[in-house]
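The listed protein sequences derive, respectively, from chains W and G.
Numbers 138 to 458, taken from the numbering used here, label the letters of the first sequence in order.
Numbers 20 to 272, taken from the numbering used here, label the letters of the second sequence in order.
FYI, nobody ran anything at the bench for these hints, they're computed from the structure.
All C-beta atoms in this analysis are idealised placements derived from N, C-alpha and C, irrespective of residue type, glycine included.
Be aware that a few hints might be false.
Where chain W lies over chain G, by a calculated footprint (3+ residues, C-beta under 8 Å) [claimed, not checked]:
1) 47-60
2) 94-100
3) 125-138
What follows is the residue order along each chain.
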Amino acid sequence: MKKRRVKLTGLQTRVLVLVLLVVIFSIFVPYFLGIDNFTNILVNGSVVGIIACAMTLLLVARQIDISVGSSVAFSAAVFAATAEKHSLIFSLVLALLAACFVAVINIVSIVYLRIESIIVTLACLIAFRGLTKVVLDGRSISVQNFDFIGAHRINLFGIVALPIPVLICFFVFLYFALIMKYTKYGHHMYAIGANPESSRLAGIKLELQISKAFLLMALAVFLAMIASVSMIGMAAPTTGDRLEFLALTAVILGGVGLAGGRGNVLGTLVAVLILAVIDNALVLFGVKPFWQEVARGGLLLLAIIFDQFSRTRDKTVRMEV
Amino acid sequence: MSIQTPVLRVEGLSKNYGSVQALEDVSFELHKGEVTALLGDNGAGKSTLVKCVAGSLYPSKGKIFLDGQEVSFHDPGEARLAGIETVYQQLALVETFDITGNLYLGREVTTRGIGRLLGVLDRKAMRGLALDAVKEFGARFPDLSAPVQTMSGGQRQVVAMTRGAFWGKKLLLLDEPTAALGVKESKAVLEVIAKLREQSQLALLIVSHNMEHVWQSCDRMLVLRRGQLVADLRKEEVTKNDIVAHITGANAK
């Protein structure tokens, strides 16, 4: 009973922080309060949100993927370069294959060659950023007739019309929330993260389950690519830059932590919103972009400290029981 | 003695790691409803023997029969399917899961119909059956839905044993069930073993290097020394001193 209360407090704390930030910014930051700006915040958070959901699943099972930014860029580059000569559908298929290609390299090295995921995906982070520049030849390539996805709004809930990237993010979130809470697969990922050896002895196929998570990440990368390209209308050498870092900040701030076996996508989503709100307020407040980087780095550090703190606090509670 | 087929029959089992002979020509039988203790000093070959039966090691020589049928296991999953459950010394529990989660670890029940297709967990069904199992084997837990990391070592041992008895059809292997426990907790674990002996149709094999712990709850004792089976005795036939002598090799020629 007690543990449950601690968990709820964790999520409640995050929601409270988000609400407080919104209230404070609404009062002190000009133009912050308003449907248009709120929609803006959601749009800006959507690419990170899509990736962060898949990253949550990986971190729960003690895996990590820091190649996602480069993977999004590579997929975008393949998409834009192909779309110059071929149909959009064909280009999208190739872009999906590009994302899966990165995932397959990660899976083979991590699951079958047993190399640490942080090292493998670091290699991919560097290599695929390079390949992106090769494909784009160092330029940006714009995609014709694709910005309709970024500009188009769909009135889904009868309250506010949301742009498609936001809706993609919402459905990705819903999908991961459901599989992690209600399915055998999600249950196994928590088991693997909490105790890999026990999971193996119980007959859970770690290799298969972790491979699936990386493939789901490839799918998330593909969707994030669509959201990203549709918003700016092109693939650039800097597409998806530092996305891995933004997604990780959100996941850790969201309460998953690096040790695995706990947390959920709802926490991640709230953390994505916190980050997006802060980002937006800093821009509106006219803070120099350099300071935004300082703020982001500081937030990651805070998130890790918070993770450490909440883990030790969990332990003391357990001992009391 | 009845002439029923032994649940497990091991014949001429040997295992060597390179030039090191861990087990040498070991033969014995285990019977239904009987608790057998496997005793021996450190390095006597107890773990190797258990691992061969549980499927996590493949013997170099010899045969294993389960209910009269020759079997050969290449991984623990195969042994489990055949009805042999193992409770490892490190228990193999997921500490953040509750009793139900651990009881069904790797063998979760899904809901029927479309839920099965999507792999949706049937938590309600699992919780109900887990409760029955816990009651049946007489374990007492203050809170069934608490994660096992909030439990004592003895309670965790009982959770792992309940899982073994819950799934085991034929044989339950207990690897050092009391080694890490205090006196009071050991007693509670031994009570559950006694209950298992009464209520289940299993053959039980308890591995231990401490004879005092298993003396009261076992019917038979096997003693291993330097990879060889040096004694296979019913409890009535021996005294504690005899067993100690077998373990240490004091009466060896």
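Evaluation of the provided hints:
no.: 1; hint: 47-60; verdict: violated (count 0)
no.: 2; hint: 94-100; verdict: holds (count 3)
no.: 3; hint: 125-138; verdict: holds (count 6)
Checked against the numbered hints given earlier, this structure breaks only hint 1.
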